[in-house]
Every structure is written in C-alpha cells, then in structure tokens.
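Visitor: Sequence order for the protein chains is A and B.
Quick note on numbering: the working numbering labels position 98 of the first sequence as 98, and the sequence is numbered without any gaps.
Quick note on numbering: the working numbering labels position 202 of the second sequence as 202, and the sequence is numbered without any gaps.
FYI, nobody ran anything at the bench for these hints, they're computed from the structure.
It is possible that some hints are incorrect.
[Unchecked claim] Pair by pair, the computed Cβ-Cβ distance ranges are:
#	chain 1	residue 1	chain 2	residue 2	range
1	A	A291	B	D223	28 to 34 Å
2	B	P17	A	C298	27 to 33 Å
3	B	A195	A	G6	40 to 46 Å
4	A	T138	B	S28	45 to 51 Å
5	A	D139	B	K218	43 to 49 Å
6	B	G53	A	A375	55 to 61 Å
7	A	H381	B	P203	18 to 24 Å
8	B	S27	A	G6	17 to 23 Å
9	A	N302	B	S154	46 to 52 Å
10	A	N302	B	V14	56 to 62 Å
11	A	I200	B	P17	38 to 44 Å
From the three backbone atoms N, C-alpha and C, an ideal C-beta is built for every residue, glycine too.
Listed below are the residues making up each chain.
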Amino acid sequence: MNLGPGSLFSPTAEHDLVRQTVAEFARREVDPRAAESDRRGTLDVALFRRLGDLGLLGVTVPAADGGAGMDAVAAVIVHHELAKYDPGFTLAYLAHAMLFVNNFYHCSNAEQRARYLPKVLSGEWVAGMGMTEPGAGTDVLGMTTTARRDGDHYVLRGTKTYITNACEAHCFLVYAKVGGRVTAFVVDRDCPGFSTSGHIDKLGMRGSTMAELVFDDARVPAQNLLGREGDGIGHMMRNLEIERLTLAAISVGIADRCVEIMVRFANERQAFGRPIVDFGQIQRYIADGFAMTEAAKCLVYNVAREVGPDVRNRIGSDAAKLFAGPVGKTVADYAMQVMGGAGYCREFPVERLWRDAKLIEIGGGTLEAHQKNLAKDLSRHVRG
Amino acid sequence: MKILVTVKRIPDPVEPPKFAGGQIDTSSAKWVQNEFDEYAIETALRLAEVGGGTERLAEVVVVSVCPATKREHVTNFLAMGANRAIVVDADDTQLDAQSVAQLIAAVFRKEGADLLVSGKLSQDNESNEVSQRVAGLLDLPQATFAASVVWDRSANALQVAREVEDGVETKRVPLPAVLSVDLRIVLPTSVKNGATPEGHPYPDKPRLASLRGITMAKTKKVDVLKPADLGVSVGAKVVSRGVVAPPKRQAGKIVASVEELVEKLATEAKVL
C-alpha cells in the first residue's frame, strides 16, 4: 500500500518526512533495545529522551510554544512506526506526549506552559496521567479521589492505579473531584503527601512501567489547577479521543510488523519439501491477517483526519480503537500460529508483540466501553 | 563561509530495475535521496555548527539538478538542517556527468561558495565523476573519499584524510575547494571545526530530521534556476546505446561426489 505523500496515510510531504524519521529512528535505536526492556520490565529513559531530541514529545503542540505544530495524523504516524518495534516503549511515549503533553497544553495557562513545557518537550521530565482508580475504571465518573481548597493549595486524597510512567515520571496530570466536580491538576513528584507504589508487574507492554499514585492529603499549589474547578470532564473527554486513536495506531503497528514477519518466515520455512507459504492453511493466516491490518490502518488514518483540539469525534475514535484493538492481537496470534514453536519463543519478537497487543483491548477504554459509547452516540439522533 | 552540498534523487535501489526500449525504465520508479548525499550534508552541518549550541560558522546550501516539480529529496535535506536550497530545473535522467558538473560549477561561481561537499558517488550509476569534474571546471583543489576533515579556520584550509590500501593519506587543502566524502566521515569524531567541543555526542550515522526541522523546511528558501540562467547549455556528450539486464543465472547441479564433480568440470563445463 502506498504510504507516500498525498496518500491517506501521509497527506502531506511533512507527514511523509515524519514517517521516514520515526521509522528510521525505530529501526536504528528502538529495535535493538526492545527485547532487553521487555525482559527487565523497565522504561529506557535515555532512549526516551532521544524522542525529545527529535521533537517527537511535542508533536501536537504549536511551534510557537516549542512543539512541532502537527496534527493527529502525525501523532498516529509516530505511534504506528514506533510500535512496529516496541509497543511498550510506544505506550510510555503515548502516556507522556498524548496523555500529559497534549492534554496539558490545551487546558493550561501561559504561566503553567512556561513552567512545564520546556521540561516535558525536551524529555528532561517524564510525565504521565492519573485517571483510573482501584474502584473506578470504565466507570470513570465514579472516581473517589477528592481535592479541597486550603488557602493557596489544594489538598488531594485518594489513589490512582495502573498509571503508565508512574515509576519514572516527574509530574502527572491528575483528575480529582472538587465538591463533586471533576477537576484537573498537575502534580509534581516532590509534592508533599504524594507518593507512588512499587512497580506493578504486567504481561506485556513491558518497555513501560506502571504503578499507583497515592495522594495522602497531598498539597498541590493552587497555581497547578488546570482551567477552572469542574473543567476536568471537558479536558478528559477531549483528550480521550486522541488517546484512543493513538492506542489504535499502536495496534496497527503491531499488526503491520506481524504480517511482515509471518510472510518472511512462511517463505523461508520448509515443510514436506516446500515453503509453508504454499499451504492453504498458512495462506489463510497471511491473507486474512494482511486484509484486517489494512482495514484497521485505513480506519485509523481516516478518523485521524477528523480528530483535533477543536473538533469532537468520539464516534470515530471509539470505532477506530474498537476495530483496531482486536486486529493487533489477532494478527499477532496468526503470526505465532504460522511460526509455530519459533513464534512462541523469544528468539523472534512475535511473542512479545502478542503479549503487548492485549493491552489495546483494555487500556484507554475497554472494548465494552467503546461498544457502550458507540451504541449511545449512534442512538442519539433516533432517541432525540 | 558558504558550503554548497550536492544532492541527488535516485530510483529506490531496493526495488529491482525495470527495462524498456533498451534502457532502464524509471517512469514508475519510487525516487529517494542518494544515501551518500546524507553523508555529505552531515559533513557540511558538522563543519558549520557549533555542536550543542545554535551558532553557525557557515551557511549550508544544498544544490540539486532535477525537475523543479520533483524535489522532495531537497526538502529532506532542508529538514536535516541546510539553510536553503537551489534547484537547477532540468531532466536529470537525460544529463551526463559533465553536464551536471557544468551546472554545479556555475552555481558554485554564482554563489561565491567556499567549499563544495559531495557524496563520493550516487547509488544509481555509481560513476563517481561529478565532484572531480567540478574541481576541474573551477580549477580548484580537491580531496576525494574523505574519511575525516579538520577545518583550520585561521589558515582558511582543510586537513583531509582518506583511507588508502596501506594506511591513511592526509592532505592539506586551501579553500575554496572541492571535497567528496566516504562512509567513515560520519563517525563521531571524523569532522572537526575547532568550535564544537571535543566529545560532543555525534551519532555514527547521518542525523535524522527532527520534527521541528521538518516543519521548518517548508519555510526555507528554495531558488529555482534554469540552465540558461546559469549560462550553461546542457546536452549529453555521453550517449547510452543500451542497457540490458544481466542474463538469468542457470540453475546449478548438485553432484554426489568429488569424482562426479571433476568429471563434469572436465566434460561439461570444460574448465579442466
């Protein structure tokens, strides 16, 4: 499929150059370190800072504020190309560049941008976002973390869990309820009363870390309030769209890589005196895997054209992730089946991609959450 | 100091060439930038910049001979960090090395450049001629296949080293001059300008364009000149009479024993 300038996948020459840069960076620098990061279950912070050198951490931040000034399509390109080699590392990038930087930019004031953007755009600071709680996942509005004003501070109490980058991050965008209304704050790691739990070990996406954020009457300066009290829902809903879109792009990257690996393997591996690609059962995995990968890719890139800070597209972003999420997992499974024992072993990256792929069906909204949202949004014009 | 860097588009070397009418058919080719030109631009940028800072000691101008509408590769080099570009609007597929050299020499004169940096060859025809011809046309000193270069700014000269069979040959070249570069020029300490701190962490490859570089590239100046604007009348003196694919290799035979091998070499291949 043509990914070049003018295509759905690279609408402009700039998009094409971004793809070339990220693809080359991923091949040169991410790929050689991916297996080790997976084995250790750690984020490679030095490699993460290289993303800052390349300007990738502020892909959607306007150039006047130090970013690249690009759109959701560019963000999808970055996630798609990085995820081919290390979806876990890509998830750390997503948590930083989409969940913190993109969200922060659109709900912060000039003083807050001046304080945080230079550090998070360069990669000097790693960042994350806290939404999910032990008792509130898909039911996000049921969150119980609270904040109350106390002089020139807010006092936060509660726990956030499954927070990507929590082990390394220097700051977090955190949602808490002020008088029952969801409100967003930036919380620095050295904030009194704030701590993180130990690393929560996990199946896949092991190139990024996960932990709890614990607010034990954490005193957050009032100047770290993002927008106004009660604005949090708006920030959250706007940012969930690009979060879901870029998670879907990670799934497309996983699927793309798995197709490439299984095609090569099926042509090299001989059985009964012939390459196994000659067998119909293998052909089905390859052809079906390719077709569903291309379908997911088209949907994700098409939706990306209609996602941005000033347009709402919950239907598109939910649909993209609902469809693309299972594609990554299924195609990784097909690749493993084609490769047999080789696919199951760590000699090839397929078993890692297979473990990584499952997250997309859970994080940023479960498949069931997307189904709920889509049924509700599609029924709106019928039910009035 | 003004550094001119030659850059070229080539048919993607990863894709097998197509043949039509006794020539290589590039009508449906995917065009990419010549990889050696990435080494040339990296050399020029390392000479020009003060590593770790924003100061520039030289202006870096890329020049390409290509159709004005087919200049995507030029944008790539602007995104890597060149200051501006000059495109000489001509059908590069119809020009020979001498014509290209005449055009580049004319641009060098027009710009009053101090240094021309080229990759040692382009990956399509690998002729390795243009930089040497430009040096001849301009009557300038040249150093080819550079593996390292040190800019002595006080003496306005370059000290250039290249690897030869029995060691390293070093030349001192006064500016203005012509330089062609080899692969090792991008090792972290291969290029020194006396201003970038020792130990500056250059990678061992040409740099990747940053997103900021990519978005800035479209704002950089690109001058488009016709050969006539440069007073050059182009026309290939070298005529290609025909290009054909090499004959397909015959399938080999697997023999059961050394005796059978010797027998076949003697009776069938008749090489013994």
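Visitor: Which of the listed hints are not met by the structure?
Guide: Failing hints, ascending: 1, 7, 9, 10 and 11.
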